[in-house]
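Given the sequences, and given the hints that come with them, work out the whole structure.
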Amino acid sequence: MIHTTKELEEIQKNFIEMEVKSFAREVVEFIDESPSSYHVVKNCSDILDENGFERIMPREKWELKKGGKYFLKKSSSTIIAITIGENFDVRKGFKIFGAHTDSPCFRIKPNPEMVTENMVRLNTEVYGGPILSTWFDRPLSIAGRVIVKGENPFFPKTVKIKIDEPLLTIPNLAIHQNREVNNGVKIDKQNDVLPLISLINHNFEKEGYLERIILEKTGIKKEDIIDFDLYLYATEKGCLLGANEEFISSSKIDNLASVYTGLIGLVEAKENKDRINIFVAFDNEEIGSATKQGADSNYLLNTLERIALSLGLDRSEFLQMLESSYILSADAAHAAHPAHLGKTDPTNRGRINEGVSIKISAKQKYTSDGYSIAVIRQLIEGTDIRIQPFVNESNELGGSTIGPLSSTHLDIDGVDLGVPMFAMHSVRELCGIFDVFYLKELAKEFFSKG
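Using my numbering, the first residue of the sequence shown is number 1, and each one after it goes up by one.
Some hints could be false.
[Stated by the list, open to error] Below 27 Å or equal to it, Euclidean Cα-Cα: the simulated DSSO-like pairs (lysine-lysine) are: (1) K73 <-> K162; (2) K186 <-> K109; (3) K292 <-> K73; (4) K162 <-> K189; (5) K270 <-> K65; (6) K237 <-> K160; (7) K42 <-> K149; (8) K109 <-> K189; (9) K66 <-> K270; (10) K65 <-> K42; (11) K109 <-> K217.
Just so you know, the hints here were simulated from the structure itself, not pulled from any lab data.
If you're wondering where the values come from, they're calculated on a predicted model, not measured in any experiment.
The following block contains the structure:
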């Protein structure tokens with residue numbers, strides 16, 4: 001059958017759209033299976049295992065080889081993946097893609113059971129900066145890790161848990177008892193957002209109620225449990241949304257969309273012959289990154305130096321590599337909201353499915369500058385990847401991200417960029433399927449060139 005040029009263009013367009021939607025569904029599936037930063041790292045490590053990456057242990061001596069592919073973890077919530085070219089060139093430095101594994105949510109406090117009337121609620125603490133009202137009246141559950149006894153008391157073991165059923169909810173107060181709710185009502189973080197988990201029955205035992213649920217759902221022995229790091233998550237699955245399925249609607253798009261696109265970009269990149277490529281996903285960005293596994297630490301710097309030393313380089317050569325290095329810091333970006341255009345810059349607005357936002361700030365809230373942006377523009381020449389500039393409206397302060405922190409510790413060039421989205425820090429966020437695909441393709445180009 002002979003097709004006209006117009007028909008061929010339509011066939012190609014449909015094929016590309018199928019590829020884009022297929023990848024968007026992968027992103028949704030990854031997010032659904034990653035209700036805590038510990039699960040994010042586990043799912044990343046599974047992908048790396050499947051693609052021939054070897055795990056290396058931080059407490060052991062490294063013997064890295066040219067042509068090798070490796071990964072390592074920190075605190076079960078930060079992960080670094082490495083590919084080393086057969087003939088890597090010191091003058092090409094490290095090419096680093098950075099993201100973060102955590103999202104705003106609620107952390108369960110110790111001794112969490114609180115009895116009010118005949119109801120049991122769990123005592124929680126707000127983690128990061130969630131839009132609190134979006135967590136009300138939704139089916140919620142529990143995910144995180146349980147710390148259990150190990151052979152060495154300084155190195156206890158961890159067990160990831162994810163309870164795959166609606167277990168809790170945070171009920172709203174009826175409008176009849178809260179007449180001003182639609183005019184904006186302050187939410188008390190200690191009282192108003194505590195999730196309801198059960199009603200009291202005649203056999204109720206308050207002490208260890210949550211622990212008994214964990215034992216029942218996981219099969220862990222009670223005598224082995226030492227402590228836990230547990231969080232609430234929304235059990236509703238992500239989906240493609242819109243008349244043409246042009247949106248992704250999901251929790252934790254900030255920043256798991258960046259994590260997955262960067263990781264797959266590394267896996268799909270052309271064979272690495274002359275570079276050292278690094279993928280890193282830090283924890284704790286949403287609370288400032290100032291932790292041992294966060295971007296505002298020397299963890300990445302120390303890891304890069306260990307890589308160099310293991311490959312037989314000296315410190316002078318390592319510092320030489322840093323001078324030629326570059327970091328692409330990927331975090332969520334704001335899209336221009338149709339009901340609130342006054343909140344966005346008049347000429348540098350993020351538009352959904354118009355491309356990855358390059359984030360720029362005169363105060364260097366983002367690490368991008370003209371020089372580092374020029375690198376990205378040259379990387380995407382001759383491709384279908386689209387980018388767009390984003391600057392915050394001058395009366396609005398932007399959020400923090402890992403770019404300035406990482407580039408400060410490493411003293412290297414880089415850009416901050418991300419997928420434009422609505423409802424950032426809501427329990428349910430919205431972004432465009434093409435922008436996620438563009439970011440993955442940009443990561444692949446980044447790891448393949450230069």
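Hints and how they fare:
1. K73 <-> K162: Holds, at roughly 20 Å.
2. K186 <-> K109: Holds, at about 22 Å.
3. K292 <-> K73: holds (12 Å)
4. K162 <-> K189: holds (24 Å)
5. K270 <-> K65: holds (19 Å)
6. K237 <-> K160: Satisfied, since the Cα-Cα distance of roughly 20 Å is no more than 27 Å.
7. K42 <-> K149: holds (20 Å)
8. K109 <-> K189: The given pair, whose Cα atoms are some 13 Å apart, holds under the 27 Å limit.
9. K66 <-> K270: holds (16 Å)
10. K65 <-> K42: Distance of about 24 Å is within 27 Å: holds.
11. K109 <-> K217: holds (19 Å)
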